[in-house]
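Colleague: Sequence:
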Amino acid sequence: MARNVFTVALVSYCCAAAAAADRMSSPFRLANGFAATNGTAANGTMDVFRLLADVTPVSYELRVAADLQANFTYDGRVDIVVRAVAPVCRITLNVKDVRVTAVQVLHWSSSNPLTVAGHRPSDANEQLTITLDRSTGCLIPDRLYVVTLAFEASLRDDMIGFYKSSYREDGVTKWLAVTKFEPTYARKAFPCFDEPALKAPFKVSIKRRSHEISLSNMPLLNSTKIEGTDMYWDHFQETPPISPYLVAFFVGEFYAMKTRTIGIYTHRKYVTQAAYIADTSPLLLEAMENFIGVDYELPKLDLLAIPDFSAGAMENWGLNTYRERLLLLSDNSKTKTKEFVTTVVQHELAHQWFGDLVTCEWWDYLWLNEGFATFFEYLATKTVKPDWRLEEVFVIEVHQVALEYDQKPTHAISGSVNTPDEIRGMFDDISYSKAGAVLRMLQYTVTEKNFKEALNFYLKANRYEAATPEKLWNAFENVLYEADYELGENVNVTLFMNSWTEQVGYPLVTISKVNDSLSITQERFSVVVSNETDATKWVVGLTYTTESEKNFGNVSPKLWLIDNMNIWPILNGSEWYIFNLQSIGFFRVNYDEDNWKALAEQLHKNPNDIHVLNRAQLIDDAFNLARVEKLNYTFVLDLTEYLEKENDVVPWYSVKNGFSYLIDRMRRCPHSYKNFKTYLSYLAGMIYTKTENLILKQQNEEHSVKTGWNAFSNWACELDNEQCTKSASLYFEQWHQGKIIPADIKDAALCVGVKNGNSEIWNDVLNVYINSESASDRQSAQYALGCSKDSTQLAKYLDFMFKGYDGPILPQDFRVIYRTLASSVEGISALIEFLTNKLDRIINEIINGEQVATSIYSLLASKVALKEEIQKIDELRSNPLVSKNLQRKFNSSFVEVEDNFMWFKSNHHLIGQWSKAAVHRLGLDSPVTTPKVPIAPIPISPPIAPESSSAFLIKQNNFILPILLSLIFSIFYSF
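Letter by letter, the sequence shown follows residues -21 to -1, 1 to 954 in mature numbering (1 follows the signal peptide of the UniProt record, and there is no 0).
Incorrect hints may have been included.
Said to hold, decoys possible - Computed cross-link-like contacts, DSSO-like style, restricted to lysine-lysine with a CA-CA straight-line distance of at most 30 Å: (1) K428 <-> K529; (2) K884 <-> K868; (3) K653 <-> K529; (4) K884 <-> K653; (5) K529 <-> K431; (6) K315 <-> K676; (7) K315 <-> K492; (8) K846 <-> K863; (9) K768 <-> K676.
Everything labelled a hint here was simulated from the structure, so no lab data went into it.
Just need the whole structure built from these sequences, with the hints factored in.
Modeller: Right, dumping it as structure tokens:
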């Protein structure tokens, strides 16, 4: 039932008053009246970026009129009903890059004006202070006032705030204007109280021309024609209480494909590409409603495909915005593109509850928005697409990515941020991936039933409000109490989860057999060497199984590790044991030598006896344990020889990721690098051939097989695998002749074609990026442009960034340019030359140039290996012409260069020796044609318990190379 204006305003009034009271109770108050809510800023001064707590918003009326035909400016007016919490003679709110032209303050009840003595913007604080004349009266506590501000600004061109974008249609440039306010950009569009906890209802009105449409968070209420013009004012229904960063509006010539509740908007020629998500999005929305038991709150939901968008997508309540390639789907799109479109839409739909209905109180707790959205991105979508194996994909793309990111000191899940720069820094793999992985751990710890009920409790108890982790844990404690469900002795949800959300990093759990018991210890896992003693401990729920049990399905913790402990033996004789079933706990596991040997023997004998996620875990943990010298690289590399029997794609992703660090480092020693790359190319060719055989010979249509073909063809061809290169070259020739080739091989085909082609081919592929109506094809083309080995072409590619919107590469895709170049030796060289020779131009001529320079330097720091490469970026950070701020960022990144060099000195000789022996043993150093892995057509076997029911398993192959038959697997590993 619709809520009237008074009711909505009253709810907001109470919420705002409570939030203000909490903030006013802070003991940190300065003489100038600014609240220091989070300690001190980086320079040692008390933080002044937070708004004062003495005036809070109750409701907004916002009117915006944009000019899309002449000078690309807009003007507007905002009427903000505010409440005074304390007697004050000034009102402080946020504004940045917007000129306030008039200010008025009235009593809400009588409309009597207060005298405004002046208004002063502060660019440093991104605030505007309105000063009232004391002689004529100031704000009285517990009374309402209306603050009216007129403003004007230019439509931005950096994809934040209220900005312009364009597209070509029938040879004509069409313009649109749209918003992107998260996290602190609403203030760059209109004056507001731009903090997430300061929620209030919004009534939005947008001016448009007759041939345009406008959209906002709520449905259209009515339109009024402006007499004597072709202009209209569109007035939208009032929103529920909402944070300013979630307000959204759009004006332009878009068309819609609509379902009962969801509309997908894009420009005319792309409307048919909205068909897939128009069919799928209602199912995804229903999946969320079913999981959490709370219906979608608003009367409509629109999804917009924007030509220029800085993020992947944005969850504005009722008006989600997306990059085109993450919402639209052409007929011949890659399977992975279809997966991305589906999961990204699910991510934004999850935000309609986690972030929109209930919002993080401050950016310290961004994970309450993004962690849940990441969790549901995979684990709600799997209820709609059960055959996509999305929980396994989650472990590879979220869980393991977060483990890698968090093994260097960054910040806790619940961080502490003040400035806009610090806030933007929270949008990382900690707030998204680690938080999502920890929520998955919580789900399995409390059971899915209790998890669902707790989220239902949390959402209903905090509806329209701002939340903290304590409110979330309170919901779980209440539900578990009612269910009489105990986690363990002296363990509750608050204790358990605070150890994961309030501490940096994660533990390494080490299990060793000592006499008649198992010794279990924990320590922080870190790839950064520190001389300081670290006594950090986590509350760890432990699951395990043994060789005789092989029960990988019991994933509720059997025991809890808080301090070090010993348990009685769980074994029968010398059998193996494995901890952290299905990789649910967010930690790494190490074993004693005997158990590692036993696990390796099992993998060589029959890998399917170990759950596929634990096989991926063993590989991922082994590579990273070797990196910190907890395991010998000889053992890890020997372990990879079991992969001839690994017929599931999931562990292969862990293999690919594990080898990526090594091959970047080994490049410093050319001879060792050659042997190492040869072995790695052999492995990549093995899984590439397996997936291609399934696709082409067996017409296998499984989702995981098709995405695997895409991923592993890219990997194998990048490593110059002979079979992959030949196959991709043939596909490229077919494509170049105008024939249709499978979408999932197109990335590799175009890359190989560009790598081996001339400038004409490079330009042909560039034209695909510029002209194709398929977002999937445009993405494949752009990736391929970075595959060139021609330094002139690569330099030209990088220089496109200087042209901005007038160039062939959209600014939203600039990041793809330097990230793809960093995957090749030639690309790294081009990036170094670009950054060292054109730094001033990068900063001054490229949109967000300093951020681009910082990103390229950080990327190079992770990739450089040769002496001359290191020397060049070292000299750049020491250049006195580089600003102090940029030098500081470069210096921070350069630490990785030093760490990587230390790793190289310690490990390259051993890896080089092993690689040389393996290449010789496998016959890969023969001058004749490189041995190929023969694969006969083989049927898919049914799932083997306890694997997931949709597992992709292949019957044992009879294709072992003759040379491998003579190889006896050694059990004498050195640790």
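Colleague: Hint by hint, note whether the structure agrees.
Modeller: Hint check:
1. For the given pair, K428 sits about 25 Å from K529 by alpha-carbon distance, which is consistent with the 30 Å threshold.
2. Taking the CA atoms of K884 and K868, the gap is near 26 Å; set against the 30 Å cutoff, the hint holds.
3. The straight-line distance between the Cα atoms of K653 and K529 is roughly 40 Å, outside the 30 Å bound, and the hint therefore fails.
4. Proximity of K884 to K653 is assessed by CA-CA distance (about 18 Å); at most 30 Å being required, the pair is judged to hold.
5. Taking the CA atoms of K529 and K431, the gap is near 29 Å; set against the 30 Å cutoff, the hint holds.
6. Annotation: proposed proximity of K315 to K676 holds, straight-line Cα distance about 21 Å (limit 30 Å).
7. For the hint pairing K315 with K492, the CA-to-CA distance comes to about 43 Å; that exceeds 30 Å, so the pair is violated.
8. Proximity of K846 to K863 is assessed by CA-CA distance (about 25 Å); at most 30 Å being required, the pair is judged to hold.
9. The suggested pairing of K768 with K676 is violated, with an alpha-carbon distance near 33 Å, which exceeds 30 Å.
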